[in-house]
Amino acid sequence: MPVNPELLGRVFAPAPPYLVGREKVREFARAVRATSPLNYDPGAASAAGYSDVVAPPTFAIVVQEATLAQLLAEPDAGIDFSRVVHGEQRFSYTRPIVAGDELTATLAVTSIKSLGGHSMVTAESSIADATGAHVVTTISTLVVRGEE
Amino acid sequence: MRAGDVIVGDVVSERTFELSRDTLVRYAGASGDFNPIHYRDDVAASVGLPGVLAHGMLTMGLAVQPVVDWLGDRGWVSDYQVRFTRPVLVGGADGATLAVIAKVGVVEDGTARIDLTVMVGGETVLGKAQVRVTFV
Chain A
1 MPVNPELLGR VFAPAPPYLV GREKVREFAR AVRATSPLNY DPGAASAAGY SDVVAPPTFA
61 IVVQEATLAQ LLAEPDAGID FSRVVHGEQR FSYTRPIVAG DELTATLAVT SIKSLGGHSM
121 VTAESSIADA TGAHVVTTIS TLVVRGEE
Chain B
1 MRAGDVIVGD VVSERTFELS RDTLVRYAGA SGDFNPIHYR DDVAASVGLP GVLAHGMLTM
61 GLAVQPVVDW LGDRGWVSDY QVRFTRPVLV GGADGATLAV IAKVGVVEDG TARIDLTVMV
121 GGETVLGKAQ VRVTFV
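Here the protein sequences come in this chain order: A and B.
Using the working numbering, the first residue of the first sequence is number 1, and each one after it goes up by one.
Using the working numbering, the first residue of the second sequence is number 1, and each one after it goes up by one.
Extracted from the complex, chain B is given alone in its bound form (with noise of 0.2 Å):
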């Protein structure tokens, strides 16, 4: 696969990830990011927070996937940014769906941008997110 094979609009991924409070701890264990925002019901409510969060981190490195699995071993991601405009909140029954949506955003000298949709029940959480893809 080439730049000139991927075209302007295309959906190139589309999915949804299943988080739990299991989903969070795993990440912190993984990051380093102990936060206990990420994990205590009874912290959150300490400082004003409607519930447990997820790692801003853990939704930006979950978003990405799908354009990662998309490339394979064609390309690979040499920049991507985001902005975390609405908290992930992670019910300890209930957890959260995230919902993930690629589209082929810019394409040109052997990269692409791939725009990125990232929604909770329905309203966006990450602002400006933006993958670039090198190809090889």
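For reference, chain A alone in the conformation it holds in the complex (with noise of 0.2 Å):
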């Protein structure tokens, strides 16, 4: 089954809240080998002007997860999770995310391209805090390769 191009535009409806986790943070942090004290230690992020330790800038993936998991879900999205190659990420701040945050993820569908028999498909996560303000917005184009 193809991709549905009627995917294109959709907007989904906002995932749970994610509340970023301190011990989160310096676990994400480790993953990726950051050795920044402002990743790890509160008294450092605090002399930075943040109100708890900073996460990398790829954590955001973490608060993504949940609305990438609705889009496979979505029953006429004509996407097999086993076909689907990540094919290129952006993250773009408007802040850095801390620790204590309370953050909600919006997906929506932005492009839908055919190429060689492929699926290009593009997933926008807006990222608000519990105010509502926006903190980052993610995304992901997935390659969804067509049956050999």
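Worth flagging that the hints you see were computed from the coordinates, not collected in a lab.
Note that this is a predicted model, so its numbers are computed, not measured.
Note that the Cβ used here is the ideal one computed from N, Cα and C, for glycine as well.
Any given hint might turn out to be false.
Claimed, not checked - Pair by pair, the computed Cβ-Cβ distance ranges are:
1. A:Gly117 to B:Glu14: 34 to 44 Å
2. A:Thr131 to B:Glu14: 39 to 49 Å
3. B:Thr111 to A:Ser46: 21 to 31 Å
4. B:Gln130 to A:Arg10: 25 to 35 Å
5. A:Arg10 to B:Glu14: 35 to 45 Å
6. B:Gly48 to A:Pro5: 20 to 30 Å
Put the complex together from the two separate chains, hints included.
Shown next, in the form of structure tokens:
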């Protein structure tokens, strides 16, 4: 089944809020070999003007995950997860994520293209904090391989 | 440091990262991405892959760290994008070595674009890998 072209422009219901935990930030920071004290030490983060430890730049992927699950679960999407390859990724921040943030991600499908039997689906998740202020937009392009 | 002190073409950092299966398992736990192609040879083989692959997001997450370290608390990463152009195979015995070169591409209005070259075994694994930093 090919990717459903009617997905284009679809905006999903906001995913359940994600509460950013300090130990999760530290765990993620260790996994990507971050060494900055801002990622681990609330005192260092505070001295630099942040309310708590700062998440590494790619941490937003953890928050985005719930929206991608929504997309793959969409009954009419026609996206077979076993044929999906991550093609491109982008994060555009208004401010860094810090521990204590309660983040809500809202997914929209912004592009669907066909290329040599494959489909390229671009999914954008707009992520806002508890006040509704924008924090980051994550943009994922998924390549869905066609049937051989 | 201000944008004016950053000169186009300067290499701000060069670094290598050793990857092992342990690295992948640790990232799986931290990120919640438990796709078994990132730690099980049999599953990787069953879907036609030449071996266990690093998560693309692990490669992306590691590759930006030299820029983060160079910046310190003088600025922050406001935009970061990559294309995943080649899978990173991580052998059970020999792992993989990721080599990152970060070079200033553009400087403007209190921000700079840092361009990353990210290679494994002499081959580029990320394309159009660009980090926008905003100075404070």
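Hints versus structure:
1. Distance hint check: the CB atoms of Gly117 of chain A and Glu14 of chain B are about 39 Å apart, consistent with the given range 34 to 44 Å.
2. Under the hint 39 to 49 Å, the C-beta atoms of Thr131 of chain A and Glu14 of chain B, about 40 Å apart, fit the expected range.
3. Taken as a hint, the range 21 to 31 Å holds for the pair Thr111 of chain B and Ser46 of chain A, whose Cβ atoms sit roughly 25 Å apart.
4. Between Gln130 of chain B and Arg10 of chain A the beta carbons are some 28 Å apart, a value that agrees with the proposed interval 25 to 35 Å.
5. Take Arg10 of chain A and Glu14 of chain B: their Cβ atoms lie about 43 Å apart, and the range 35 to 45 Å holds.
6. Between Gly48 of chain B and Pro5 of chain A the Cβ separation comes to about 27 Å, which falls inside the hinted range of 20 to 30 Å.
The earlier numbered hints are all upheld by this structure, with none contradicted.
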